[in-house]
Amino acid sequence: MAHSARRDSPELPDFSVLKRLARDQLIYLLEQLPGKKDLFIEADLMSPLDRIANVSTLKQHEVDKLYKVEYKPVVSTSDQLCFLIRPRIQTVKWVCDVVNADKAAGKFKRYKIIFTPQKFYACETVLEEQGIFGDVSTDEWAFYLLPLDEDIINLELPEFFRDNFLEGDQRWVRTGGSALHLFHSIYGPFSKVYGIGRCSKMVYESWREQVKEGEQKARQAEVGTVFLIDRDVDFVTPLCSQVVYEGLVDDIFRIKCGCVEFGPDVTSSDKSIKVMLNSQDKVFNEIRNEHFSNVFGFLSQKARNLQTAYDKRRGMDIKQMKTFVSEELKGLKQEHRLLSLHIGASESMMKKKTKQDFQELLKTEHSLLEGFEIRECISFIEEHINRQVSYLKLCPLSLYFFTGLLPKDYRSLKAQYLQSYGVDHLLTFANLKQLGLLVEQQPGETLTVMESKMGKLVNDKTAGKLTDAFSSLAKKSNFRALSRRLSLVPKSDEEYDLRVPRDMAYIFSGAYIPLSCKLIEQVLERDGWTGLEEVTRLLNGHEFAVTADLRPQSDAQRIILVMFLGGCTFSEISALRFLGRERGYKFIVLTTAITNSARLIEAMLDNHV
Amino acid sequence: MMKSKADEEDYWNSSKFKAFTFDDEDDEFTKLKESRQAVNSICGLVEEEEDEDEVEKVSWSGEPVGSISWSVRETASSLREQSFPKIDTTPSLPKNSSGYSLSSLFKGKTKSFQSFSEVLSDSSVRLYAPELRKPKSEYKDYVSDWSPEETVHRMQQGKAVSLEKFRSLQEKLLLLDEAVGVHDGNVITAVLIYLKKSLSKEVLFRELESRQTALRHFIHYLTESKEQRLLLELYRALGRTEDEALLQYKEHLRITDENKRRDFLKSCVSLPFSPEDAGHVQDHYTLLERQIIIEATDRQAETGGKVEIFQKFPRRASILNMPLITTLYYCCFYHYAETEGTYSSPANIRQTFRIAEKQYFVTALAARAKLKAWHDVDALFTSRNWLGFTRKKSPLSFSRVADILSKNNAPVQVLQEYVGLVDDVELRVALAQKYKCHFIVISTYRDLKDRQLLLGYRGKVERGSEEERKIDELLSNPQIRWKN
Numbered sequence: 001m002a003h004s005a006r007r008d009s010p011e012l013p014d015f016s017v018l019k020r021l022a023r024d025q026l027i028y029l030l031e032q033l034p035g036k037k038d039l040f041i042e043a044d045l046m047s048p049l050d051r052i053a054n055v056s057t058l059k060q061h062e063v064d065k066l067y068k069v070e071y072k073p074v075v076s077t078s079d080q081l082c083f084l085i086r087p088r089i090q091t092v093k094w095v096c097d098v099v100n101a102d103k104a105a106g107k108f109k110r111y112k113i114i115f116t117p118q119k120f121y122a123c124e125t126v127l128e129e130q131g132i133f134g135d136v137s138t139d140e141w142a143f144y145l146l147p148l149d150e151d152i153i154n155l156e157l158p159e160f161f162r163d164n165f166l167e168g169d170q171r172w173v174r175t176g177g178s179a180l181h182l183f184h185s186i187y188g189p190f191s192k193v194y195g196i197g198r199c200s201k202m203v204y205e206s207w208r209e210q211v212k213e214g215e216q217k218a219r220q221a222e223v224g225t226v227f228l229i230d231r232d233v234d235f236v237t238p239l240c241s242q243v244v245y246e247g248l249v250d251d252i253f254r255i256k257c258g259c260v261e262f263g264p265d266v267t268s269s270d271k272s273i274k275v276m277l278n279s280q281d282k283v284f285n286e287i288r289n290e291h292f293s294n295v296f297g298f299l300s301q302k303a304r305n306l307q308t309a310y311d312k313r314r315g316m317d318i319k320q321m322k323t324f325v326s327e328e329l330k331g332l333k334q335e336h337r338l339l340s341l342h343i344g345a346s347e348s349m350m351k352k353k354t355k356q357d358f359q360e361l362l363k364t365e366h367s368l369l370e371g372f373e374i375r376e377c378i379s380f381i382e383e384h385i386n387r388q389v390s391y392l393k394l395c396p397l398s399l400y401f402f403t404g405l406l407p408k409d410y411r412s413l414k415a416q417y418l419q420s421y422g423v424d425h426l427l428t429f430a431n432l433k434q435l436g437l438l439v440e441q442q443p444g445e446t447l448t449v450m451e452s453k454m455g456k457l458v459n460d461k462t463a464g465k466l467t468d469a470f471s472s473l474a475k476k477s478n479f480r481a482l483s484r485r486l487s488l489v490p491k492s493d494e495e496y497d498l499r500v501p502r503d504m505a506y507i508f509s510g511a512y513i514p515l516s517c518k519l520i521e522q523v524l525e526r527d528g529w530t531g532l533e534e535v536t537r538l539l540n541g542h543e544f545a546v547t548a549d550l551r552p553q554s555d556a557q558r559i560i561l562v563m564f565l566g567g568c569t570f571s572e573i574s575a576l577r578f579l580g581r582e583r584g585y586k587f588i589v590l591t592t593a594i595t596n597s598a599r600l601i602e603a604m605l606d607n608h609v
Numbered sequence: 001m002m003k004s005k006a007d008e009e010d011y012w013n014s015s016k017f018k019a020f021t022f023d024d025e026d027d028e029f030t031k032l033k034e035s036r037q038a039v040n041s042i043c044g045l046v047e048e049e050e051d052e053d054e055v056e057k058v059s060w061s062g063e064p065v066g067s068i069s070w071s072v073r074e075t076a077s078s079l080r081e082q083s084f085p086k087i088d089t090t091p092s093l094p095k096n097s098s099g100y101s102l103s104s105l106f107k108g109k110t111k112s113f114q115s116f117s118e119v120l121s122d123s124s125v126r127l128y129a130p131e132l133r134k135p136k137s138e139y140k141d142y143v144s145d146w147s148p149e150e151t152v153h154r155m156q157q158g159k160a161v162s163l164e165k166f167r168s169l170q171e172k173l174l175l176l177d178e179a180v181g182v183h184d185g186n187v188i189t190a191v192l193i194y195l196k197k198s199l200s201k202e203v204l205f206r207e208l209e210s211r212q213t214a215l216r217h218f219i220h221y222l223t224e225s226k227e228q229r230l231l232l233e234l235y236r237a238l239g240r241t242e243d244e245a246l247l248q249y250k251e252h253l254r255i256t257d258e259n260k261r262r263d264f265l266k267s268c269v270s271l272p273f274s275p276e277d278a279g280h281v282q283d284h285y286t287l288l289e290r291q292i293i294i295e296a297t298d299r300q301a302e303t304g305g306k307v308e309i310f311q312k313f314p315r316r317a318s319i320l321n322m323p324l325i326t327t328l329y330y331c332c333f334y335h336y337a338e339t340e341g342t343y344s345s346p347a348n349i350r351q352t353f354r355i356a357e358k359q360y361f362v363t364a365l366a367a368r369a370k371l372k373a374w375h376d377v378d379a380l381f382t383s384r385n386w387l388g389f390t391r392k393k394s395p396l397s398f399s400r401v402a403d404i405l406s407k408n409n410a411p412v413q414v415l416q417e418y419v420g421l422v423d424d425v426e427l428r429v430a431l432a433q434k435y436k437c438h439f440i441v442i443s444t445y446r447d448l449k450d451r452q453l454l455l456g457y458r459g460k461v462e463r464g465s466e467e468e469r470k471i472d473e474l475l476s477n478p479q480i481r482w483k484n
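These protein sequence lines map, in sequence, to chains Y and G.
Going by full-length UniProt numbering, the letters in the first sequence line up with residues 1 to 609, in that order.
Going by full-length UniProt numbering, the letters in the second sequence line up with residues 1 to 484, in that order.
To be clear, the hints were calculated from the coordinates, so they are not data collected in a lab.
Note that beta-carbon positions come from the ideal geometry of N, C-alpha and C, so glycine has one too.
Incorrect hints may appear among the rest.
So the derived label-pair ranges between C-beta atoms look like this [to be verified]: (1) Y:Gln280 <-> G:Ala373: 49 to 59 angstroms; (2) G:Gly304 <-> Y:Asp64: 34 to 44 angstroms; (3) G:Ser162 <-> Y:Gln90: 24 to 34 angstroms; (4) G:Glu233 <-> Y:Gln280: 22 to 32 angstroms; (5) Y:Gly263 <-> G:Lys407: 21 to 31 angstroms.
When the alpha-carbon atoms are kept at most 20 angstroms apart in a straight line, the in silico DMTMM-like pairs for lysine to aspartate or glutamate are as follows [stated by the list, open to error]: (6) G:Lys226 <-> Y:Glu376; (7) Y:Lys433 <-> G:Glu276; (8) G:Lys393 <-> Y:Glu129; (9) G:Lys197 <-> Y:Glu376; (10) G:Lys197 <-> Y:Glu129; (11) G:Lys407 <-> Y:Glu129; (12) Y:Lys433 <-> G:Glu242; (13) G:Lys370 <-> Y:Glu383; (14) G:Lys226 <-> Y:Glu382; (15) G:Lys358 <-> Y:Glu376; (16) G:Lys358 <-> Y:Glu129; (17) G:Lys358 <-> Y:Glu382.
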């Protein structure tokens with residue numbers, strides 16, 4: 001609210017061109033199948049598509065009927081079918097079924113699959129195996145960058161996280177490189193690239209290769225600095241409960257592609273409404289980055305102002321009234337609407353959070369972050385497990401810290417967890433272990449003992465697997481060390497005024513500075529990783545800092561693109577906005593998806609067919 | 001690492017966290033309510049005619065559409081060469097080396113700013129068979145002559161390639177390693193699909209064992225294309241018995257018929273799980289077996305219409321495939337009084353599945369409170385010592401008990417019994433006030449000998465009520481030595 005930005009902050013570039021680009025490419029592809037056709041759209045592509053085009057755009061290009069991909073037989077009567085899908089084997093198999101069913105019924109149709117953002121060989125193999133390769137034409141719609149707001153660009157690829165970090169599948173590396181390449185070709189050239197994480201390195205390489213292959217044209221850079229970061233560098237931050245307004249709205253109502261659906265409890269009517277949440281919403285724009293506790297005060301002040309503005313009309317004569325209606329009323333009404341929505345949302349969130357012992361949950365999280373009173377944390381978690389509190393609301397952060405538990409405690413918690421939520425969560429536990437979020441400590445063995453013991457056993461066959469296991473073990477026990485070295489947990493004896501935040505910790509009630517954002521701050525400050533050797537060692541390395549011999553422009557230098565591989569949270573975005581205001585930077589967040597603790601845990605679930 | 005208790009409390013009471021509480025109906029919330037009223041009251045001007053879309057339409061693009069050719073030209077022309085150095089993306093683990101210290105793995109290479117020129121001089125090291133590469137002019141037009149490097153490069157760009165020419169094992173592996181080297185999962189999988197078709201399983205598995213990245217791609221591919229059998233064989237060949245067991249166990253999710261699922265789970269018990277997980281799977285089987293029996297009996301009882309509880313509280317869903325604790329809750333709800341001999345008796349379930357005391361209590365309490373069977377609740381916590389005196393004991397804190405009871409709308413008479421047992425005085429008073437257990441508040445103040453607080457509380461109870469009389473009686477009692 002009251003934050004005064006540094007006056008020399010550079011302006012953000014205009015991203016609407018990205019939407020135009022994506023829309024035009026789609027139209028071009030649709031025209032490759034001339035004539036009337038029915039379009040089948042993958043469910044999770046509907047919202048992104050909505051952001052760049054609308055039904056009439058599609059109709060103009062001879063799309064007759066629109067369907068959602070539902071893995072059922074189709075009822076379309078059109079003789080041309082177009083499928084707009086993600087490159088997933090399951091979806092392609094369904095398309096094959098559709099085509100083969102038509103063939104069996106003696107129907108002759110034309111088919112086209114548009115893969116976005118790219119196609120995979122594995123998908124084409126399915127077409128080949130199902131005997132319809134050649135019957136179906138395929139295309140790629142290079143829709144990489146969806147601007148969600150003036151400083152957020154989304155790849156809308158939530159599966160990036162699981163595929164890359166859990167399955168170890170690098171299929172999205174080139175996608176990441178291409179996305180960066182597209183951004184670079186419009187808003188670059190970049191003069192500095194920093195990064196940390198294995199995937200970041202690979203994406204950087206892929207991008208560099210693509211730049212080498214492309215053509216060139218000198219132009220003024222709008223964005224000069226890039227920071228790439230892997231999600232697994234920092235699991236702690238996205239597992240924390242969010243208390244900044246936008247993050248809290250996401251945790252509770254789930255913001256989907258920049259849009260949220262408020263139910264009847266918010267709208268105080270019998271309907272739900274969908275609301276776009278971005279900087280265009282003036283009320284939202286002022287509270288999105290605020291700690292929730294500040295939001296009420298702000299909203300009531302706003303309501304009072306609004307009342308005064310409306311009251312002005314009393315005692316107006318006809319002419320004044322006419323001016324008032326034509327000039328001010330529309331704006332006031334708009335504001336009134338937004339205000340009552342956000343007040344409704346705040347009320348509803350208050351109620352929900354009070355019910356769930358939110359205060360205790362936050363306290364537990366803070367204790368975990370500080371490493372105090374672990375015993376009490378365990379009994380808090382235990383009690384919630386016993387009461388079958390939904391496992392998504394079950395302090396996801398605790399999972400991370402289960403790792404440090406004694407085997408006895410760990411086993412008991414796991415057993416109770418399975419009893420409360422079902423034994424099939426064995427699969428979830430296996431995934432969490434594979435991801436490196438959970439490591440079972442061996443009794444009485446410290447890392448160094450394990451090392452020397454296993455060092456002898458290591459041969460090239462198992463080396464990879466062991467490395468994985470050890471790196472996560474090392475990562476785990478390193479959080480405390482990292483936290484100390486980077487002062488992530490502010491001293492608790494000082495007062496923290498959430499109204500006047502002094503550092504990025506405000507996004508977690510002053511209890512914790514997000515590791516990801518702290519790294520970015522430090523690297524920008526030091527212009528590289530010098531002096532952070534101990535930190536990068538604790539994070540398992542894979543850091544880099546490279547510079548091109550371009551003459552850097554000062555303004556573009558201070559516009560920084562942060563690319564999160566595996567997703568980022570709204571809280572992190574708020575923290576970066578804060579950092580930007582403090583230091584005169586502008587951050588643009590480019591993320592594979594918006595994530596939060598629930599989505600992270602959901603990505604690990606396997607207990608469904 | 002432990003802070004002292006005092007420190008701890010200090011921390012939580014420090015003002016930085018006081019700024020924000022969800023629990024209290026404090027000023028902020030009231031303020032919020034007021035603002036809602038204010039906003040709602042302005043409706044006079046804001047008539048019903050407001051268009052619904054107004055909020056939804058907010059978008060910040062809305063630029064006119066440029067022509068397709070324009071945009072395509074725009075992208076193409078804006079690509080330009082950039083001079084950035086190559087960085088080392090291979091994992092810090094060198095291939096085929098063994099016996100080195102693991103601690104070296106944790107030492108990240110520090111790569112501070114490399115200048116661009118520096119990197120150019122660093123000729124990138126080619127690992128594989130340079131003799132395969134011929135001068136470009138020689139093979140340019142012959143598809144069959146592409147080196148692994150060029151083939152992979154073309155595949156990355158989505159151009160047509162022919163993999164058939166990679167026939168010897170060595171060539172195939174060079175191709176695979178090249179794909180892994182460029183970190184393009186799409187190409188790695190493509191090569192693997194070719195190898196799967198053209199190599200025997202034994203050879204492929206053997207070669208994948210030493211290529212972890214490729215192996216993980218292969219496993220993911222098999223998972224996605226649902227080639228269960230081959231995947232199981234792969235795990236077996238690699239000696240990854242636990243993965244094999246889990247994969248097989250996962251199959252039960254596909255079986256919808258409960259009897260078949262039960263039989264399948266039974267066969268899973270002997271899979272090579274870790275001893276701990278084997279126990280869990282055994283429990284899973286036993287649980288489903290019982291659920292099937294309970295379900296059959298109860299469904300009959302329900303349709304028979306003779307058992308009162310099923311008439312009064314019809315079952316909302318079948319108990320099949322529910323977690324253990326849900327099953328326990330169900331049995332505490334419908335079968336509480338049964339003797340230990342039946343499958344559905346809570347005691348039997350508790351014993352069979354080694355349910356922890358605390359977990360059992362929470363569940364039984366919730367179920368009985370839901371039924372408002374306060375007598376059972378009472379019995380749950382009552383224990384007798386050898387002299388025959390009764391006292392209340394609970395494995396979970398009494399404040400938690402009160403919380404669960406209040407969520408089930410327990411009457412004050414029931415609640416106050418448990419609130420009164422809360423040890424911590426402050427917490428007890430807070431809970432008693434929250435749940436309106438006036439007598440607990442009053443007696444606590446009396447025990448504290450705090451006349452002022454008691455006087456203050458007199459204003460909060462109803463006039464002429466029993467509570468008020470009690471307070472007056474205490475205040476006029478000359479026996480009590482008030483501290484204020």
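Results of checking the hints against the structure:
1. Y:Gln280 <-> G:Ala373: 49 to 59 angstroms: holds, 56 angstroms
2. G:Gly304 <-> Y:Asp64: 34 to 44 angstroms: violated, 56 angstroms
3. G:Ser162 <-> Y:Gln90: 24 to 34 angstroms: Holds, since Ser162 of chain G and Gln90 of chain Y (Cβ atoms, about 28 angstroms apart) stay within the stated range.
4. G:Glu233 <-> Y:Gln280: 22 to 32 angstroms: violated, 56 angstroms
5. Y:Gly263 <-> G:Lys407: 21 to 31 angstroms: holds, 22 angstroms
6. G:Lys226 <-> Y:Glu376: violated, 44 angstroms
7. Y:Lys433 <-> G:Glu276: holds, 15 angstroms
8. G:Lys393 <-> Y:Glu129: violated, 67 angstroms
9. G:Lys197 <-> Y:Glu376: Violated. Lys197 of chain G to Glu376 of chain Y sits at ~56 angstroms, over the 20 angstroms cutoff.
10. G:Lys197 <-> Y:Glu129: With Cα atoms ~12 angstroms apart, Lys197 of chain G and Glu129 of chain Y stay inside 20 angstroms; holds.
11. G:Lys407 <-> Y:Glu129: Cα-Cα ~58 angstroms, so violated.
12. Y:Lys433 <-> G:Glu242: holds, 13 angstroms
13. G:Lys370 <-> Y:Glu383: holds, 19 angstroms
14. G:Lys226 <-> Y:Glu382: violated, 37 angstroms
15. G:Lys358 <-> Y:Glu376: It holds: about 15 angstroms lies between the C-alpha atoms, which stays within 20 angstroms.
16. G:Lys358 <-> Y:Glu129: Measuring from Cα to Cα gives roughly 55 angstroms; hence the hint is violated.
17. G:Lys358 <-> Y:Glu382: holds, 9 angstroms
Hint check: violations occur at hints 2, 4, 6, 8, 9, 11, 14, 16; the rest are consistent with the structure.
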